[in-house]
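Could you build all of it, start to finish, from the sequences and the hints given here?
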Amino acid sequence: MASVDPLAFNPLALLERGVYEWNQWRQRLTPPEARRDQGDRINLREARLRQAQLPQVNFSLVDCCMADLRHADLRHADLREALLYTADLSYAQLESAILTGADLRETLLHDSNLEGATLNAAVLTNADLTRAVLREASLCQADLRQASLNQTDACMAQFQGADLSGADLNGAVLYTSDLSRALLKGTTLNQADLREANLAMAVLQDAVLHEADLTAAMGSATNMIGASFHRATLDIANLSLANLCMANLSQAYLRGTTLIGANLIGANLHCAHLAHANLESADIREGILRRADLRQANLRYANLRMANMAEADLRGADLRGADLTHANLWGTQIEGTCFVDVTMPNGKAYPG
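If you count the sequence shown from 1, position 46 lands on 112 in the working numbering, and the numbers rise without skipping.
Do not rely on the hints blindly, as some may be mistaken.
Distance windows between CB atoms, simulated [what the hints assert, rightly or not]:
#: 1; residue 1: G397; residue 2: T242; range: 35 to 43 Å
#: 2; residue 1: Q90; residue 2: Q117; range: 18 to 26 Å
#: 3; residue 1: D106; residue 2: E277; range: 47 to 55 Å
#: 4; residue 1: E172; residue 2: N76; range: 22 to 30 Å
For the record, the hints were derived by calculation from the structure and aren't laboratory data. Just so you know, even glycine gets a beta-carbon here, dropped at the ideal spot from N, CA and C.
Following this line, the structure appears as structure tokens:
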């Protein structure tokens, strides 16, 4: 009979010999011993590995649920499809680690370093990533619902197709990150740094982005229905064809922003800064533009029916072909405004 390796029943003892011997043992495992079934995984549940030095360790498919990995060195580690449910990885070093398909539900990852890590298709629902470093990390198709990414540094990170619904991204740094096609429904991003971020075709329905910085962000064809951008900065952003129906953009900065063909029906743009913005063919029916700054804005062919533009500043704006039927223009500043072919509030063509 073949001898049975006693270390197979005491993986911690083998791990104590060092990463090299552990990885060699993992390579010798036969396929039946490395199956994905939970009952056949290498068992490191509740293992105490605090401050363990495990760079480049092969923990793929390992069951590390509830393990203590605080301050552990897991740089370049292979954690593909590992079970890390409710594990504690706070302050861990996970730079360039591979966590593709890993189960990280409710895992503590606060203050950890995941720079350059791969977390594609990983499950991180309700995980705590507060103050974690995710610079240049890849989280494509990852499940981050209800996760905490408060003050996380995710510059240049990849979130394409990720689900961040209900997540806390307050104060997160997402400069030049890629959130295209991501789900951010009901997500909070107050004071988040989204400068030059790619939000194309993402869903930000009912998201809250108060005082967030989206300067030069790409948000074309993005679903922002009911989102709140109170006092947010969206200067020179591209929001062409974005759906901002019923969105709150009060006191927001949209100077030089491109909103061609955008849906702004019922949107709140009270006191918004829209100087030099391009709103050509935008649908702003019933929008609130009271006291908005629209100087030099392009409103050609915009639909402004029943919009409240009282006390708005339209000096130098171009409204050629716009529809202002039943719009409120009380107290509006119109010096130098172009009204050629405009339908006025009384339904008549200017200057009829």
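Hints and how they fare:
1. Under the hint 35 to 43 Å, the C-beta atoms of G397 and T242, about 41 Å apart, fit the expected range.
2. For Q90 and Q117, the Cβ-Cβ distance of about 23 Å falls inside the hinted range of 18 to 26 Å, so the restraint holds.
3. A hinted range of 47 to 55 Å for the beta carbons of D106 and E277 is consistent with their spacing of about 50 Å.
4. The supplied range of 22 to 30 Å is met by E172 and N76, whose beta-carbon atoms lie about 28 Å from each other.
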